[in-house]
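Visitor: One letter stands for each residue in the lines below.
Protein chains: 6
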Amino acid sequence: MLSFGSRHLHPALGTMVERAALLGGLDGFSNVAAEEAVGRRAGGTMPHALMICFGRGEQEAAWRAFDEAVPDETPRVALVDTYSDEVDEALRATEAVDDLTGVRLDTTGSRRGDFRHIAREVRWTLDAHGHEDVDIFVSGGLGPRELRALRDVADGFGVGSYVSNADPLDFALDIVEVDGEPAAKRGKLTGRKAVYRTADGGHHIGLADRNAPTDAVELLEPLVRDGEVVRAFDFESAIERAAADAAEVGFGDEQ
Amino acid sequence: MLSFGSRHLHPALGTMVERAALLGGLDGFSNVAAEEAVGRRAGGTMPHALMICFGRGEQEAAWRAFDEAVPDETPRVALVDTYSDEVDEALRATEAVDDLTGVRLDTTGSRRGDFRHIAREVRWTLDAHGHEDVDIFVSGGLGPRELRALRDVADGFGVGSYVSNADPLDFALDIVEVDGEPAAKRGKLTGRKAVYRTADGGHHIGLADRNAPTDAVELLEPLVRDGEVVRAFDFESAIERAAADAAEVGFGDEQ
Amino acid sequence: MLSFGSRHLHPALGTMVERAALLGGLDGFSNVAAEEAVGRRAGGTMPHALMICFGRGEQEAAWRAFDEAVPDETPRVALVDTYSDEVDEALRATEAVDDLTGVRLDTTGSRRGDFRHIAREVRWTLDAHGHEDVDIFVSGGLGPRELRALRDVADGFGVGSYVSNADPLDFALDIVEVDGEPAAKRGKLTGRKAVYRTADGGHHIGLADRNAPTDAVELLEPLVRDGEVVRAFDFESAIERAAADAAEVGFGDEQ
Amino acid sequence: MLSFGSRHLHPALGTMVERAALLGGLDGFSNVAAEEAVGRRAGGTMPHALMICFGRGEQEAAWRAFDEAVPDETPRVALVDTYSDEVDEALRATEAVDDLTGVRLDTTGSRRGDFRHIAREVRWTLDAHGHEDVDIFVSGGLGPRELRALRDVADGFGVGSYVSNADPLDFALDIVEVDGEPAAKRGKLTGRKAVYRTADGGHHIGLADRNAPTDAVELLEPLVRDGEVVRAFDFESAIERAAADAAEVGFGDEQ
Amino acid sequence: MLSFGSRHLHPALGTMVERAALLGGLDGFSNVAAEEAVGRRAGGTMPHALMICFGRGEQEAAWRAFDEAVPDETPRVALVDTYSDEVDEALRATEAVDDLTGVRLDTTGSRRGDFRHIAREVRWTLDAHGHEDVDIFVSGGLGPRELRALRDVADGFGVGSYVSNADPLDFALDIVEVDGEPAAKRGKLTGRKAVYRTADGGHHIGLADRNAPTDAVELLEPLVRDGEVVRAFDFESAIERAAADAAEVGFGDEQ
Amino acid sequence: MLSFGSRHLHPALGTMVERAALLGGLDGFSNVAAEEAVGRRAGGTMPHALMICFGRGEQEAAWRAFDEAVPDETPRVALVDTYSDEVDEALRATEAVDDLTGVRLDTTGSRRGDFRHIAREVRWTLDAHGHEDVDIFVSGGLGPRELRALRDVADGFGVGSYVSNADPLDFALDIVEVDGEPAAKRGKLTGRKAVYRTADGGHHIGLADRNAPTDAVELLEPLVRDGEVVRAFDFESAIERAAADAAEVGFGDEQ
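Protein sequence lines correspond, in order, to chains U, C, P, X, E and S.
Here the first sequence is numbered in our numbering, starting from 1 and rising by one per residue.
Here the second sequence is numbered in our numbering, starting from 1 and rising by one per residue.
Here the third sequence is numbered in our numbering, starting from 1 and rising by one per residue.
Here the fourth sequence is numbered in our numbering, starting from 1 and rising by one per residue.
Here the fifth sequence is numbered in our numbering, starting from 1 and rising by one per residue.
Here the sixth sequence is numbered in our numbering, starting from 1 and rising by one per residue.
Just so you know, the hints here were simulated from the structure itself, not pulled from any lab data.
Incorrect hints may appear among the rest.
[Claimed, not checked] If you want the ones that stay clear, here's a sample from chain U, every Cβ over 12 Å from chain E, calculated:
#1 Thr108
#2 Gly156
#3 Tyr162
#4 Asn165
#5 Phe235
#6 Val249
[Claimed, not checked] Partial chain S-side listing against chain E, Cβ under 10 Å, derived:
#7 Gly57
#8 Asp81
#9 Ser84
#10 Asp85
#11 Glu86
#12 Val87
#13 Thr107
#14 Gly109
#15 Arg111
#16 Arg116
#17 His204
Just so you know, even glycine gets a beta-carbon here, dropped at the ideal spot from N, CA and C.
The following block holds chain U by itself, in its conformation from the complex:
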């Protein structure tokens, strides 16, 4: 699963979103400007613009040009929804490019009556012609519901605005202690808190100076104290920790 949504955002945030997408569990990203910051190579497939520049009826020429231009290690994924039907262009792409890695379906809304059926029909047709090894990559307006519906007929996904335009989490910094004494405005619980992961994968919040629940792990650790960074971590281990935490609390289990 690749992050495709960086282009929807102000460039000042592009790198942050790719970094957040990887932390959140995606496998790759498409914004080349973020490569240095995250220490990984960007990926992706050809755009519709390439197809259009070659023109209607010249899809074979466009796919071959891509095949000739990109490095050997780049997967050959042909975009197959530009001018003709996906089934039609997919078949033609297998004939135009040797060693085709896969095809990408980014079907436009007005032709997307049943996206799952389109992907399944492409799969059926590729198989019927002996192309079981050509993967299907889908993109365009995908969120968790679509991913679940498509995952048995697709081999890869491009996810855009579901990640890049996610609603902000509403949070606030509140004063809950003044000179060691509990304090707070109406509606907020007073006093310094500790947050624990409980044994059943849930969490517990309590006053920091009370006892922790049995078998609970305290989660809060200071990152900055009096302006000094007191705890460093690297990006790759953060990804691993996020995945481990998600697994522990059952995030992403079938709904």
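With the hints as your guide, set chains C, P, X, E and S onto chain U.
Guide: Chains C, P, X, E and S alone, transformed into the frame defined by chain U:
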């Protein structure tokens, strides 16, 4: 608007449905077996079977074969949704057939994300290439709601199961008089009735031996009495009468 | 359960509907014109017309006339909703006809506030007067939901338009192979298929030239080949097969 | 419209409810114990108990007994839903009682599929037999919605629990002034108020020591001051005032 | 749980409602006029009127006045929602009154955004200041749903209109037997019935002269016969029996 | 109406959001970092943090400290929802600060049962004590619906996440022309377009080389051509233009 639904029915009823469709206001029908009974010529366009017999990529050959085979007076309407996108095939059909009358869009469900947009895009593209005189004919699962939504972007319609599979009108013959005395089971109004068209386009039902409402026209006329047909009428005048009655009561006014 | 809906249909289809009703699992039918075709005797009870011809207050005379006129083997089922309340007429029918088989409730809509309560009250009243052996037969607008709601208070059912006016199953004949090569228009899966009953009571569709799933039974058998009937079957064994298939796939299990 | 709901209540409140029903606009009441308090005669029709004491099939005897027993000035309204259908019993009542005033339909729930249709069918049948002068009186679970639906087919109504079981109006006595100073708990507006009927039929609430709105009439008048009744009124003029106020603010206008 | 709703009712019914509330399972009541009839002492807490008479900012004076005026055995429950926030007044009440029993939250609607959060915040704040022994008592518009939502954060409840304004149970006295013969109007089951508690906690109704179900207990016992009271019982044992019956049939189990 | 939402965003975007808020019609903003970029002074009121630092019961001290610290031209707006009820603190603020400009209600969710009633009660109480000149300023989760509901009881608004977290408008750059020839992928209309404001306040999109509609104004003007800025504009005139355009198309009219 042509009736396309006869094929959904048992052949024993095919002619009756075409007759009823014409009575109900459609302009034509497609079942050639009904021609003699209704006294009109059937019409229609080419089927997908013709396109498939020529095969993927051979659409031009199929359209030209149709153009060469049918009589001069038959409109040249090319089916343009078989293998490629409707916009793509529509453009190609204008190049393949001189004096093309129109194109038919019968877009399959899995590609019908926004049928109105597809029709509008075909119109826009035909116009952009100077084919303002090529008509757009649409079909496939159309009912009143779809017809209203498409009528400003389409020039003709094929209507199938909305007419041929219409729900039966539930009616029953009840005894309401025995030897001239009012009678009926529970739930039925006793006595012989008269039915009137009132001056405001509504109707009124009352006992036949009471006075009619002012300015009302009695609607019931015996067609058969004691087994003898006592009133004949011809099919074309029946169509006219149905249209006139529909207009009088406001049937089909914008909803 | 008897099929009562044949009268809603064009006579050309009456026999076909009765045949289909029996195939679908009903126990009997009412259209005498279908007797020869299906090789069974039609059944039914008296109509409201009979009651009305005798007139209000003369229900006893009507029931007795029926009792005297029909053959000995015909069940005596009195229609008890014509003029008075169902409970009232049911009690009176037990007094009017010796060896009454049952009563039929076909309660008209405007008096059908709670059909289950009416049937239960008739049952209670018959029992309270020692007529535990008089059956209750219900009819009028019944479908699966009503049958489930009534089956513990009724001994028999008449089902009409739910069977006779059932929506047509939409199906189409598609070209999926041309000269042995897979073919199809957009939206259809190419190639000749086989249909299998899988071990879990589901079904599987795959290309005919691929392997069948483990423990699956192929369902398609040619009935006509090149215009020749190649497989005959008789009606009664077809009914049995339909019932067996329904049982195997769990059709009709409690919902 | 008569109040029938007194029997649903504790006897200690019976008189109060009848009094409230008359104040609220009903034409009469049925609880004889309230006659003295309200200064009017109670009214009503025969109960089902009377019919049942005579027994099934003896409805004519019951109606005649009532006719013979009650004073001349009492309207002859026959209850016609006890054993047989309403249409059937209504016809029979017209034959059993000379100068029948009307019939009452109190159809039980399980037979009340469409009460309006039942009333209309009784009306149609009475008219068809020349009894246009026999009124139809309906009762049983009636509220404003039912009254509106039935008022063109019924001549009188009995209303029970809609009046007698009306939800209490939630009100509270609040301190809003202490020793002349505005006071109140949170959520209440401080200070002594005046309530005005405005010129458009609405109302306005403001501080009592501010100016009244233009053309407004102050509505509050002290009834008790320091334990002394300071304003007397009689019941009949209260009914008139309630009706006049309802008319002024448009209460009961078509909704 | 205390009954607070007596004030919503006509005084003639006040005692009956308190009696019914106790029978239905509440722990106490507030209407002192009912003390003699039910043989128990009324209970309650201070009203808003007391707080308002002392005035804004004088809450401490009001709570202390109550503390000084009431007998030693009366629980000290301070009303803490009159002028300031509940959390604020609760803290102040703990400082104003030694040995405070509890605080009452009767939060007015316009400030009741999330009553459970308010109660939880009061609990948290009292605990954070070492007042774990001060109870929280809640009131105001509470029904079963609110009680379930609040029961883990509140120690006591005041319930008003949910009990006092409960909808009447619709019941009627019907004639089902005349001189030993079954009788009834349409819609009613004829004959004298017996009511049984079945072994599974359900109930069964059958004709009194038929056999009881196995292991069933007959529930009906005559209280009055020919105008004579034939079975006496005392109030406290009635409460116990109601609780035992409720437990037996599972009334009040988590829904 | 002031923009309060900048704090929800990454600092890199703070200035852009304040700029957009002003362009969109708000009257002011609170992020001081944006002052230079937009050429206006930021505004706002005191935060809860100030109140909490002074502590529960010391609200008067906090308001007075603010009054003494800020420049004379700064409006004195007291935050009145921190510890006590809004009505209580509002009254106290009028006594603590001479020449109070207004009070701000930012009521926390758990106390916000009916925000309009709270504001109205504050207004009523201020008026009852002669403070008609003290304004009411509201904030906290406000959007168009809340603004419409509150605008007759509030004098000013703070709007946060409705502006700062607004969903991105989904747009894309598409190739519609290649070397002057119309081109586009499926689903897009080919060719270079012009956008017009029509005389009725709507808009029209058509091919750029066709005639404009009658009385229409073309809206697109190039800002950058071949990398050169070809049209400059200043911020204040952009605000005016946005307001004028909004008025012309009826944006913001009552819904």
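Visitor: All hints, please: hold or fail.
Guide: Tested hints:
1. Thr108: It holds; Thr108(U) is separated from chain E by about 45 Å at its closest Cβ, greater than 12 Å.
2. Gly156: holds, 44 Å
3. Tyr162: Per Cβ check, Tyr162(U) is outside 12 Å of chain E; nearest 30 Å; holds.
4. Asn165: holds, 29 Å
5. Phe235: holds, 38 Å
6. Val249: Its Cβ never comes within 12 Å of chain E, the nearest being 23 Å, so this holds.
7. Gly57: holds, 8 Å
8. Asp81: Status holds, d = 9 Å.
9. Ser84: holds, 4 Å
10. Asp85: holds, 5 Å
11. Glu86: holds, 9 Å
12. Val87: Holds. Min distance 8 Å.
13. Thr107: holds, 8 Å
14. Gly109: holds, 5 Å
15. Arg111: holds, 5 Å
16. Arg116: Constraint on Arg116(S) satisfied, holds at 8 Å.
17. His204: violated, 48 Å
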